[in-house]
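There are 2 protein chains.
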Amino acid sequence: MTEPRIWTAALIIIGDEILSGRTQDRNIAQIALWLNVQGIRLKEVRVVPDEQDAIVEAVNALRVRHNYLFTTGGIGPTHDDITVDAMAAALGLQVVVHPRAKAALEHYYASRGGMNEQRLRMARVPEGADLIENRQSGAPGIRVGNIFMMAGVPHIMAEMLDALTGELDGGRPLLSETVGCWVPESEIADILAETERAHEGCQIGSYPFFREGRVGANFVVRSTDPSVLNACITDLTGRLKAKGLEVAMGEI
Amino acid sequence: MTEPRIWTAALIIIGDEILSGRTQDRNIAQIALWLNVQGIRLKEVRVVPDEQDAIVEAVNALRVRHNYLFTTGGIGPTHDDITVDAMAAALGLQVVVHPRAKAALEHYYASRGGMNEQRLRMARVPEGADLIENRQSGAPGIRVGNIFMMAGVPHIMAEMLDALTGELDGGRPLLSETVGCWVPESEIADILAETERAHEGCQIGSYPFFREGRVGANFVVRSTDPSVLNACITDLTGRLKAKGLEVAMGEI
Numbered sequence: 001m002t003e004p005r006i007w008t009a010a011l012i013i014i015g016d017e018i019l020s021g022r023t024q025d026r027n028i029a030q031i032a033l034w035l036n037v038q039g040i041r042l043k044e045v046r047v048v049p050d051e052q053d054a055i056v057e058a059v060n061a062l063r064v065r066h067n068y069l070f071t072t073g074g075i076g077p078t079h080d081d082i083t084v085d086a087m088a089a090a091l092g093l094q095v096v097v098h099p100r101a102k103a104a105l106e107h108y109y110a111s112r113g114g115m116n117e118q119r120l121r122m123a124r125v126p127e128g129a130d131l132i133e134n135r136q137s138g139a140p141g142i143r144v145g146n147i148f149m150m151a152g153v154p155h156i157m158a159e160m161l162d163a164l165t166g167e168l169d170g171g172r173p174l175l176s177e178t179v180g181c182w183v184p185e186s187e188i189a190d191i192l193a194e195t196e197r198a199h200e201g202c203q204i205g206s207y208p209f210f211r212e213g214r215v216g217a218n219f220v221v222r223s224t225d226p227s228v229l230n231a232c233i234t235d236l237t238g239r240l241k242a243k244g245l246e247v248a249m250g251e252i
Numbered sequence: 001m002t003e004p005r006i007w008t009a010a011l012i013i014i015g016d017e018i019l020s021g022r023t024q025d026r027n028i029a030q031i032a033l034w035l036n037v038q039g040i041r042l043k044e045v046r047v048v049p050d051e052q053d054a055i056v057e058a059v060n061a062l063r064v065r066h067n068y069l070f071t072t073g074g075i076g077p078t079h080d081d082i083t084v085d086a087m088a089a090a091l092g093l094q095v096v097v098h099p100r101a102k103a104a105l106e107h108y109y110a111s112r113g114g115m116n117e118q119r120l121r122m123a124r125v126p127e128g129a130d131l132i133e134n135r136q137s138g139a140p141g142i143r144v145g146n147i148f149m150m151a152g153v154p155h156i157m158a159e160m161l162d163a164l165t166g167e168l169d170g171g172r173p174l175l176s177e178t179v180g181c182w183v184p185e186s187e188i189a190d191i192l193a194e195t196e197r198a199h200e201g202c203q204i205g206s207y208p209f210f211r212e213g214r215v216g217a218n219f220v221v222r223s224t225d226p227s228v229l230n231a232c233i234t235d236l237t238g239r240l241k242a243k244g245l246e247v248a249m250g251e252i
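Residue numbers (the UniProt record's numbering), protein chains in the order written: chain A, 1 to 252; chain B, 1 to 252.
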């Protein structure tokens with residue numbers, strides 16, 4: 001049996017507002033969950049400031065290492081929106097006005113005060129780029145090669161993911177099942193390690209918590225193969241019960 | 001006048017649970033806000049999987065580039081907790097059992113089932129490391145040189161930050177003030193750019209939103225100098241009002 005091909009992606013979050021702590025990021029989890037469904041694994045995330053050098057470095061490090069590179073943030077109309085220019089610099093491309101983006105913006109702003117120089121900024125793309133549709137506002141996302149530039153505002157970003165759903169080649173979706181136990185993870189750490197070793201193609205993550213005055217942990221088993229996943233969950237549950245523990249199917 | 005020295009930090013979030021989308025990160029914002037108060041700027045964040053090569057690469061890229069490097073995650077007792085080993089590999093150090101960490105864990109677990117091999121894992125540190133106190137659980141954080149390894153669970157991580165408060169050299173805290181306006185940012189983007197240019201040592205970030213059927217934006221001005229910050233906010237408010245806009249002091 002040949003190993004199924006694994007498709008990977010990286011994400012660059014461009015935004016001083018995340019690095020300053022002003023804004024709580026909500027894009028990483030949203031993109032990660034969406035990628036899982038597309039059969040693509042998120043392997044690395046970088047958060048960088050609104051500075052061209054930092055963006056260029058991250059883009060050039062990550063675009064060749066993964067099948068896909070996503071960015072969020074910095075594609076709006078203001079002076080701190082420099083993603084398009086930084087991307088063009090990283091790729092050695094010119095920045096051009098995309099006619100369809102310009103038309104979409106003109107249409108959107110016709111009833112909203114008309115176009116101006118700042119709004120036209122949102123039609124600028126690296127040459128050769130395609131657009132990613134966005135029904136929420138006039139400003140599209142941008143695709144150039146294996147790179148996808150999306151909005152930083154989570155609900156607009158979600159629209160762009162929606163437009164990309166099913167468009168990207170990927171492998172088998174990563175599946176996961178969780179069992180929970182009111183036990184300190186340090187008491188059953190050997191069981192977790194042994195179970196993981198016994199089931200190739202599975203990973204077990206252990207996520208401890210403290211709640212209602214007691215410690216517990218959730219154990220997340222991940223695999224792309226549903227039968228392997230099932231066997232691993234059954235085995236893990238059996239071993240925990242053999243220790244006299246109560247095991248909840250699903251997260252506690 | 002000499003420029004005040006700027007202290008910078010990077011953060012590595014170690015955790016498959018963030019990359020899989022299972023867990024919504026809450027550490028970036030928490031650490032960023034804490035660093036601001038210490039007079040240290042968070043300049044880069046990387047999220048990497050629980051894989052030694054990925055951790056080593058990120059550590060070695062970031063530890064020399066910034067005054068401080070923080071990590072979260074992977075210091076517990078289970079098989080997927082590999083931060084200490086990866087860090088030791090990155091730094092070319094041996095892993096040793098820290099006597100004070102061992103004593104603290106023995107004390108903590110005396111009434112909780114006693115020590116075992118897995119629990120002893122949490123006393124392992126790169127040689128020469130110091131501990132970061134943690135009153136929540138027996139397991140300490142670890143400091144080695146300019147690197148701080150902390151827990152991934154947010155409330156335990158917060159305890160470790162608390163133990164480090166005031167311990168790190170830093171510069172002037174980064175201050176920020178926000179004004180809000182019910183206006184599309186694309187309508188006043190030129191004002192933002194001009195105001196930023198007119199006040200050296202200030203940055204203006206623009207954060208648009210859509211709420212109650214209307215668009216608006218918050219403008220966050222950041223500076224380490226309170227008088228520069230004040231002048232910039234006054235100027236920005238004046239320019240927005242001159243456009244006929246209502247300006248709210250503080251975030252809307």
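Just so you know, not all the hints are guaranteed correct.
All copies of an identical chain are treated as equivalent in the list; a pair is satisfied when it fits inside any one copy or across any two copies.
Claimed, not checked - Here are the simulated SDA-like pairs of lysine to any residue, each with C-alpha atoms no more than 25 Å apart in a straight line:
1. Lys243 with Glu57
2. Lys102 with Glu159
3. Lys241 with Arg211
4. Lys102 with Ser227
5. Lys243 with Ser111
6. Lys241 with Glu117
7. Lys102 with Asn146
8. Lys102 with Ala163
9. Lys243 with Thr165
10. Lys102 with Gly180
11. Lys241 with Leu33
12. Lys241 with Gly201
13. Lys243 with Asp225
14. Lys102 with Gly201
15. Lys243 with Gly21
16. Lys102 with Val215
Worth flagging that the hints you see were computed from the coordinates, not collected in a lab.
Comparing the hints with the structure gives:
no., hint, verdict
1, Lys243 with Glu57, "neither (50 Å within a copy, 39 Å between copies)"
2, Lys102 with Glu159, "within (19 Å within a copy, 51 Å between copies)"
3, Lys241 with Arg211, "within (22 Å within a copy, 50 Å between copies)"
4, Lys102 with Ser227, "neither (50 Å within a copy, 41 Å between copies)"
5, Lys243 with Ser111, "between (68 Å within a copy, 20 Å between copies)"
6, Lys241 with Glu117, "between (67 Å within a copy, 21 Å between copies)"
7, Lys102 with Asn146, "within (23 Å within a copy, 49 Å between copies)"
8, Lys102 with Ala163, "within (19 Å within a copy, 53 Å between copies)"
9, Lys243 with Thr165, "neither (44 Å within a copy, 42 Å between copies)"
10, Lys102 with Gly180, "neither (52 Å within a copy, 28 Å between copies)"
11, Lys241 with Leu33, "neither (31 Å within a copy, 43 Å between copies)"
12, Lys241 with Gly201, "within (23 Å within a copy, 61 Å between copies)"
13, Lys243 with Asp225, "neither (27 Å within a copy, 60 Å between copies)"
14, Lys102 with Gly201, "neither (48 Å within a copy, 34 Å between copies)"
15, Lys243 with Gly21, "neither (43 Å within a copy, 31 Å between copies)"
16, Lys102 with Val215, "between (56 Å within a copy, 21 Å between copies)"
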